[in-house]
Amino acid sequence: DAGVTQSPTHLIKTRGQQVTLRCSPKSGHDTVSWYQQALGQGPQFIFQYYEEEERQRGNFPDRFSGHQFPNYSSELNVNALLLGDSALYLCASSLADHTGELFFGEGSRLTVL
Amino acid sequence: LAKTTQPISMDSYEGQEVNITCSHNNIATNDYITWYQQFPSQGPRFIIQGYKTKVTNEVASLFIPADRKSSTLSLPRVSLSDTAVYYCLVGPYNYGQNFVFGPGTRLSVLP
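Chain order of the listed sequences is D and A.
Under the working numbering, the first sequence has 46 at position 46, and the numbering climbs by one with no breaks.
In the working numbering, each number is its position in the second sequence, counted from 1, plus 1000.
Calculated directly from the structure, the hints in this document are not laboratory data.
C-beta: ideal position from N, C-alpha, C; glycine also.
One thing to keep in mind: the hints can contain errors.
Below, a sample of chain D positions facing chain A; criterion: calculated Cβ distance under 8 angstroms [said to hold, decoys possible]:
1. Ala38
2. Glu101
3. Leu102
4. Phe104
5. Glu106
6. Gly107
Away from chain D, derived, C-beta distances all over 10 angstroms, residues of chain A [stated by the list, open to error]:
7. Asp1011
8. Thr1053
9. Pro1076
In isolation and in its complexed conformation, chain A is listed as follows:
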């Protein structure tokens, strides 16, 4: 599985756009990039998944450059309730059953 590197923590203010970048230099051809969000004392929740270019849903956008060696999760106009840990995971489409979670990025949204 490709190793991922993301910032340990980030701070932001309400209403700002937050971009969390994940590096995955050893990503394989059949690997997908998936992001999860976790609130304290809860299980992780799927946010978004992509393979290349840009993916957008009602919660976030995922930008993936052509070389796919990194990806950026973009959260538009964050609120206090977006304070959570965000995990970047990389693995084959059919490998999702045992995704490898790193320490994630702890996002703190301040008023």
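So here's chain D without its partners, still in its complex pose:
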């Protein structure tokens, strides 16, 4: 049973560019959440998708947007990249009727130069 998979694992962008990160949830899961983790800090919640709609959103600007597809996979898009967007981006999947357990992928390491 495949767990949560994310791509790409690493990428380098320059300021002002746009990036798309992808996530495939654990088999059977219907909800995807995205987190940003800066070096030395805990993960910070960006947003959550369920039934192809953004259900909850954290304190992130509109430059951060997402999408969920009918197969429950998800994308995170970040426009007009800033140096401060350099971080590990984590995707977590769960069931809408969950037990409090999130399953995380290994993340996409974004470096903005």
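Keeping the supplied structure of chain D fixed, place chain A upon it in accordance with the hints.
Same frame as chain D, but now just chain A:
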């Protein structure tokens, strides 16, 4: 969401029992306590969750006193591979989708 406070770092030696305490004075009646473990360059991994008293699984035990204002994660006989960051999270059962992660406790297990 209830604010949590836990030590920034702890050191231990192989074979010892490690107890990491988390304070959550403002915990609400419908809040659960959940612990995650994170290794470098990996996503967090669920360890254990509880509401009151004691919960034990194959990895750890979670002790929660009657007032629920704190909780203690207990790792029996740690090994070098237990070196990681441990996060204590508090929130309603149905709020787990956007848990608030603090800085966590960085546990270093020494030989």
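Do the hints match the structure? See the list:
The criterion of a C-beta within 8 angstroms of any C-beta in chain A is not met by D/Ala38, whose closest approach is roughly 11 angstroms, and the hint is violated. Hint status for D/Glu101 relative to chain A: holds, with the closest Cβ pair at about 4 angstroms, below 8 angstroms. Because the beta carbon of D/Leu102 sits about 6 angstroms from the nearest beta carbon in chain A, less than 8 angstroms, this interface hint is met. Restraint check, D/Phe104 versus chain A: the minimum CB separation of about 3 angstroms is within 8 angstroms; hint holds.
For D/Glu106, the suggested interface contact is upheld, since its CB lies about 5 angstroms from the closest CB of chain A, less than 8 angstroms. A cut of 8 angstroms between beta carbons decides the hint on D/Gly107: the least distance to chain A is about 6 angstroms, and the hint holds. Non-interface status of A/Asp1011 relative to chain D is upheld: no Cβ of that chain comes within 10 angstroms, the nearest being about 18 angstroms off. With a closest Cβ-Cβ approach of about 17 angstroms to chain D, A/Thr1053 is found to remain outside the 10 angstroms limit, as its non-interface label requires.
Chain D leaves A/Pro1076 outside its interface by the beta-carbon criterion, the shortest separation being 21 angstroms against a cut-off of 10 angstroms.
When each numbered hint is compared with the structure, a violation occurs for hint 1 only.
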